[in-house]
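Using the hints, position chain B against chain A.
Protein chains: 2
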Amino acid sequence: MAEKIRIGIVGYGNLGRGVEAAIAQNTDMELVGVFTRRDPAGVSPMNAATPVHALDGIARHQGEIDVLILCGGSKNDLPEQGPALAALFNTVDSYDTHARIPDYFAAVDKAAASGGNIAIISVGWDPGLFSLNRLFGEAILPDGATYTFWGKGLSQGHSDAVRRVPGVKAAVQYTIPAQQAMERVRRGEQPALSTREKHTRECFVVLQEGADAATVEHAIKSMPDYFADYDTAVHFISEETLQRDHYAMPHGGFVIRSGKTGKASKQVMEYSLKLDSNPEFTSSVLVAYARAAFRLRAQGQAGARTVFDIAPGLLSSKDPAQLRRELL
Amino acid sequence: MAEKIRIGIVGYGNLGRGVEAAIAQNTDMELVGVFTRRDPAGVSPMNAATPVHALDGIARHQGEIDVLILCGGSKNDLPEQGPALAALFNTVDSYDTHARIPDYFAAVDKAAASGGNIAIISVGWDPGLFSLNRLFGEAILPDGATYTFWGKGLSQGHSDAVRRVPGVKAAVQYTIPAQQAMERVRRGEQPALSTREKHTRECFVVLQEGADAATVEHAIKSMPDYFADYDTAVHFISEETLQRDHYAMPHGGFVIRSGKTGKASKQVMEYSLKLDSNPEFTSSVLVAYARAAFRLRAQGQAGARTVFDIAPGLLSSKDPAQLRRELL
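Read top to bottom, the protein sequences are chains A and B. First residue of the first sequence: 1, per our numbering; consecutive thereafter. First residue of the second sequence: 1, per our numbering; consecutive thereafter.
Just chain A, same shape as in the assembly (with noise of 0.2 Å):
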C-alpha cells in the first residue's frame, strides 16, 4: 500500500463533520487533524483521536498536510480563507456564491500559483456535480434546454429569513420542486417556466409567545426575492414537533437537460440527487476532489480548478487500468 494522502480539516460544523466521517471510509486517505478559529480545546470530534489544533498556527503544520479541505462558509469565511490557505496548502473547497464565482477563482488561482498548490473550489453537488450535468448536457446535446429543480430539501437561507420575521421563534423551510413542471420537461417539452411554476416552498414555524399568526404569515408570503415570486404554505406548529420531525438535512435535486438530434428525435439526459444529509453528502464530494488535488499536485501542476478542469478518473482510488477493467 502507497503511503496515505494526509487531509487537514479547516472549520468544524456540519460540513467539517462530514469530512471526518468521509475520510474514515477512504482507506487510502488519514486525519491529519481539525484546524478551528474556536478555542481547540471546546471543539470535541466525532472520533476523540481527531488531534484539533488552533486555526493561526496552520502554517507550522506545511510538512504534515497533502490536502487541506477548507470548511467555512462562502459568506464570511472563505473569501479571506480560500486565497490564504491555497498560498500554503493544496486545498478543497464548496464556495457555492455562484455570481461571485469568477472573482473568487481569481483570488485563490493567484494564491495558489504563487505557492505551487492545486485548489480546487466550489466542490459539491451546486455546484459540483449539477454543474458538471448542465456542461455534459449542454455538449452533447447542442439543440435544448436545460432545467435545474431543487429539493425536496431544507434550505438554510430560506430558514434563515424565516426566522428574522418579527413573532417567529423558530422555523424551517423545505424547497419543493414542481411535480407538473418536471414530467413536462422530462416528455421533451422545453417548456418556458416561470419562478412559480418550478418550485413550491413550505415553511413549519414555531410562534413567539403571543405572536399573531396572520401577520407572521403574511410578513414570510409578502418576502421579496425569498417567497413572494412562490406559491408558499406555512404551517404552525409547536417548539416539540419542530425538534422531533424537523432536524435532519435531506436535500437533492434535478437536472434535466432535454434535447433533439437528427429530424426530430427527443433525447432527455436526469441526474438527480436524493440526500438524507445534504452537509455529508458534499462533505463525501470534496473528500473525493481531495484526492484529485492531491494526485494533480504530484504532476507538477498548480493554480485554481473547477470540477469542469477535473479528469473523472482522479476521483478513484482505483488506478487507470482498473477502471477501465471494472467499470468502463
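There may be inaccurate statements among the hints.
One copy or two, it doesn't matter: identical chains are merged, so the pair holds either way.
As the list claims (entries may be wrong) - Okay, derived cross-link-like pairs now, DSSO-like style, lysine-lysine, Cα gap no bigger than 30 Å in a straight line: (1) K266 to K198; (2) K198 to K152; (3) K4 to K75; (4) K318 to K169; (5) K169 to K260; (6) K110 to K198.
FYI, nobody ran anything at the bench for these hints, they're computed from the structure.
Quick look at chain B alone, frame taken from chain A:
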C-alpha cells in the same frame, strides 16, 4: 471565430448518419467527408454536399482532418480499424465489447502513441456516460452499491438472436427495466438482485409462412444467455405492424448509486437517459469527445484515452472562464 475543427466519418450506417447530423449542430466543427469500404458512388449522405471517399485512400487526407470519428462495429470493424487509423489520425470510437476493452485499449494506445495522435475509445453512453456515473458513484459514496438498468429499449444483439430462430421472418426485442427492483434501489435498500429481477424482455415476432408459433416461442424463451434467465414475453404480429410500430431505435437506462454516509444517512445518486434514437444520441456523445481529442492533441498529448481521462470542460465549445460564469 477560430478555425473550425475538421471531422472525418469512417463508416456510414446509423451511427455515421447520426454523426453527420450532430456535426451540423456544432458551429465550431465542419465535416470533411465520409470514408466507406463500400463503393463511394453507392453511398448517399443526408447532406448531398458531403464528399464520400473510399476508405482505402484515407491516408492521403491526413493534412485535411483534425479528428476521425470511427462509426464501425465493435465485432468486425474496430479491432482492425481502431489501431490502424489511430496511427494516422486523432480518433474517437464507440468500442463496446466490455470484456475486451483492456486489449483494445493497449492496441490503440500503441498505435496512437507511435503516430503522435490522441485516440479516445469506448465513447457513447454505455460504455461512456454510464461508466462515468458508475465511477462518480463509487468514488463519492465508497460505502454503497451501484446498479445499472437498461431500457426500455430496442436491443440489436437480442433482436438478432430472435431473428436467427428457425421460423422467424422478422423480429425486434425490447429490454425493460423492472420497476419494482428500481424502486427498491431508489429507497436505498441495496438489495441483491438476480438477473431475472432486474430486467424483463419483450419480443415482437413476424412468423415465416407455415411456422409453428408455440415452437418458435419455446425456442426463444429457452435460449441460453439471451433469454433463459429472464421473464420473456413473445408477441406475434404482422409484418405491417412491425414496420409501422417498431421501426424506431429507442433506448436508455439508469445508473443508480445507493450509499451511506455518517452514522446511517442514505444517499442516492441517479443518472438516466430516455432516448428516442439510440444511435443519434451515441453520435452526439462521439462528436463532443471529438472536440476534446482535438484539444488534447493541440496540447501535445498522444496515446489512447477513455472518458475517465477527459476533463469535462474539454467537451464544451465554451472557454473555461465562460463555463465558470455560466454553468458552475
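Going down the list of hints, with the structure as the test:
1. For the homomeric pair K266 and K198, the shortest alpha-carbon distances inside one copy (22 Å) and between copies (26 Å) are both at most 30 Å.
2. Taking CA atoms no more than 30 Å apart as the test, K198 paired with K152 passes in both settings, with 12 Å inside one copy and 28 Å between copies.
3. In this assembly of identical chains, K4 and K75 lie within 30 Å of each other by CA distance neither inside one copy nor across copies; the values are 33 Å within and 42 Å between.
4. With identical chains, the CA atoms of K318 and K169 are never at most 30 Å apart, being 50 Å at best within one copy and 47 Å at best between copies.
5. Taking the shortest Cα distances, K169 and K260 never come within 30 Å of each other, neither inside one copy (50 Å) nor across copies (33 Å).
6. For a Cα distance limit of 30 Å, the shortest separation of K110 from K198 qualifies neither inside one copy, at 39 Å, nor across copies, at 51 Å.
The earlier numbered hints that this structure contradicts are 3, 4, 5 and 6.
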